[in-house]
Amino acid sequence: MKLELSRVALGKGRLGVLKGLGKTGQLSLEVPGCLLHTHLGTVPHLTQDTLSTLSTLPSVTQITLSNIAEHQEVLEEFKDGFRKFAGLHDTVLYCALHDPATPCPTGHTTNKELEGVEVFGVVEGGDILEERVRSAKETAKRPVSGFCLDGLQTGSMDQALRTQLISAVTKELPEDKPRLLQGVGRPDEVLESVEAGVDLFEGFFPFEVTERGCALIFNFNISSNPELAASV
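In terms of our numbering, the sequence shown opens at residue 28 and continues consecutively.
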């Protein structure tokens with residue numbers, strides 16, 4: 028897939044073609060453009076016969092995971108995948124989580140049991156320092172009980188970079204609220220993250236080690252004086 032721009036207006040509006048779509052790479056989509064909206068692979072209010080008479084249809088069809096999940100048993104019995112099930116042959120499928128034409132349910136907002144639930148704000152930003160700091164500053168303004176540092180799991184980036192990002196983020200967060208780091212469990216990474224200002228971690232690492240048939244053995248001295256231990 029490659030986007031070829033033919034014109035950029037005033038540095039923002041872009042005109043071009045998205046080429047190399049599909050398994051064979053023979054399809055393309057002009058931009059600005061739109062996806063073909065469907066409900067379970069069918070364009071609302073149009074039959075397949077009527078649809079086939081149109082020559083300017085988008086080459087990318089949007090399907091919705093939430094709608095497909097409702098027919099999981101049927102698709103499992105069909106066994107040939109959703110594309111063949113819906114008769115979508117000469118198109119690229121784009122799978123969205125939710126149907127944009129269907130309002131998302133509001134949930135149990137009237138449930139009084141939820142009034143006392145604590146909510147953690149999520150700090151994002153990938154591996155871009157400026158975006159991490161911006162996200163931390165904005166999230167710190169929210170009425171949340173703590174903070175979740177997301178997208179920093181083991182293997183997603185270099186450990187030194189992760190520590191740098193964590194240190195920059197925790198400087199922007201209030202000291203009286205906990206910070207939870209997801210996806211980091213190795214003892215050395217946990218200790219380094221603690222030094223960078225993280226309070227809570229997911230406890231999955233011992234389980235992973237046990238599943239591999241291994242055991243954790245550490246050889247170090249424990250000091251009863253935390254200040255002395257930190258200076259060693």
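Keep in mind that a hint or two might mislead.
[As the list claims (entries may be wrong)] Straight-line Cα separation of at most 20 Å, EDC-like style, residue types lysine to aspartate or glutamate; simulated pairs: (1) 164 with 229; (2) 164 with 177; (3) 204 with 145; (4) 139 with 177.
[Claimed, not checked] Distance windows between CB atoms, simulated: (5) 213 with 133: 19 to 29 Å; (6) 146 with 70: 33 to 43 Å; (7) 185 with 66: 17 to 27 Å; (8) 167 with 105: 46 to 56 Å; (9) 226 with 58: 15 to 25 Å; (10) 244 with 60: 55 to 65 Å; (11) 155 with 41: 44 to 54 Å; (12) 157 with 238: 35 to 45 Å; (13) 238 with 106: 26 to 36 Å.
Hints in this document: simulated from the structure, not taken from any laboratory.
Built from N, CA and C at the ideal position, the CB exists for glycine as well.
Evaluation of the provided hints:
Under the criterion of a C-alpha separation no larger than 20 Å, the hint pairing residue 164 with residue 229 is inconsistent with the structure, at around 24 Å. Taken as a hint, the residue 164 and residue 177 pair is honoured in the structure, with Cα atoms around 15 Å apart against an allowance of 20 Å. The suggested pairing of residue 204 with residue 145 holds, with an alpha-carbon distance near 11 Å, which does not exceed 20 Å. Taking the CA atoms of residue 139 and residue 177, the gap is near 29 Å; set against the 20 Å cutoff, the hint is violated.
In this structure, residue 213 and residue 133 break the distance hint of 19 to 29 Å, their C-beta atoms being roughly 40 Å apart. Range check, residue 146 to residue 70: Cβ separation about 39 Å, and the 33 to 43 Å hint holds. Against the hinted window of 17 to 27 Å, the Cβ-Cβ separation of residue 185 and residue 66 comes to about 44 Å, which falls outside the hint. At about 49 Å, the CB distance of residue 167 to residue 105 agrees with the hint of 46 to 56 Å.
Roughly 45 Å separates the CB atoms of residue 226 and residue 58, a value that falls outside the hinted 15 to 25 Å. With their beta carbons about 59 Å apart, residue 244 and residue 60 fall inside the hinted range of 55 to 65 Å. Remark: the range hint 44 to 54 Å for residue 155 to residue 41 is contradicted by a beta-carbon distance near 22 Å. Residue 157 and residue 238 have their C-beta atoms about 39 Å apart, which keeps the hinted 35 to 45 Å range intact.
At roughly 31 Å, the beta carbons of residue 238 and residue 106 sit within the given window of 26 to 36 Å.
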